[in-house]
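Here the protein sequences come in this chain order: Z and U.
When you line the first sequence up against UniProt numbering, it's residues 1 to 203, in that order.
When you line the second sequence up against UniProt numbering, it's residues 1 to 85, in that order.
No lab work stands behind these hints, which were simulated from the structure alone.
Please note that the accuracy of each hint is not assured.
[Said to hold, decoys possible] Pair by pair, the computed Cβ-Cβ distance ranges are: (1) U:Asp24 to Z:Gly67: 48 to 56 Å; (2) U:Asp72 to Z:Arg34: 41 to 49 Å; (3) Z:Val16 to U:Ser74: 17 to 25 Å; (4) U:Asn53 to Z:Trp50: 23 to 31 Å.
[To be verified] Pairs of lysine-lysine, DSSO-like flavour, derived with a Cα cap of 27 Å: (5) U:Lys21 to Z:Lys187; (6) U:Lys73 to U:Lys21; (7) U:Lys73 to Z:Lys180.
Glycine included, each C-beta is placed from N, C-alpha and C at the ideal position.
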Amino acid sequence: MPSPGQDLLAHTVRGVDHAAFPTFDPQATITFYRDVLGFPVVHATCALGWGPGDHPDFIHFFFDIGGGDRLAFFYYFGVEPYRDTGIPDLLHRARHLAIHVDTEEDLLEYRRRLDASDWPCELQVRHEAVESIYVTDPNGYLMEIARPLRAITAEDDIDANLSVDALMEVTAEPDPSLEKFFARKAKLISERYAGEPESVTFV
Amino acid sequence: MTTLFVLSVDDFRPLAEVAGKDPDVTVRRRGPYLEVVAPGSIRIDRDAAGCRNAVWYSAVAAVKDGRVSRWDKSELVVEPTGAEG
């Protein structure tokens, strides 16, 4: 259910043009994405003296991740490798890129490619609406490949919008909790669908 | 009345069906949700609902006049509380 703001805003974006990350190991990165996973290289910008003074020269290279979308990396010449070593596991797991495949067969094929490489699949899990495989790429970035387990319906969209409305409300107040969230969402549901509910029988 | 809402999609409908086997529980449709209502606690056995892990732990859409007091690998229990806004 669109919020009042969404009614006024035309939705004309068309997916990911590119998502970009720094790399300090282009050899492993290209091996992993191009040679292990089979993502074609589709573009590379070679910049001499284009960047700021501390890293003027860089290569910006792109992999095709399907659907016209691209995954890109920056390699900066002469810059000491840096990696977040103190990043909490919660943040490491939360920040990730999930790439879509349509079928279980495709998912298992990517798992096979990973398992035959130096970067084997770390986890395969059936979530609520998708089944996913996970791997940490050579740069330490968590990557997911996911296939749908069921169609997302209009009911899911309504529920998602009520969820974010309830989340907005409880996080605007002190001490947000899941319990408060469930109660607030129930109130929003009751208000939106006021009136006598239909009885339900299961056969 | 203790009220549990689950979204009426194939994944979550079994929870309402299992809860509704208790004669004190009423299940009705409210918009895209199944509204599970009871004067006391609502108890749902996971094995009876037949949900895999991720479906089980994402099944609660909302709770009114109650609180989730147990939600582990074997059972979901929603206990009554006072009315809450």
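A quick look at each hint next to the structure:
no., hint, in the structure
1, U:Asp24 to Z:Gly67: 48 to 56 Å, "holds (50 Å)"
2, U:Asp72 to Z:Arg34: 41 to 49 Å, "holds (45 Å)"
3, Z:Val16 to U:Ser74: 17 to 25 Å, "violated (41 Å)"
4, U:Asn53 to Z:Trp50: 23 to 31 Å, "violated (49 Å)"
5, U:Lys21 to Z:Lys187, "holds (26 Å)"
6, U:Lys73 to U:Lys21, "holds (20 Å)"
7, U:Lys73 to Z:Lys180, "holds (23 Å)"
Comparing the model with each earlier hint shows violations of hints 3 and 4; every other hint is respected.
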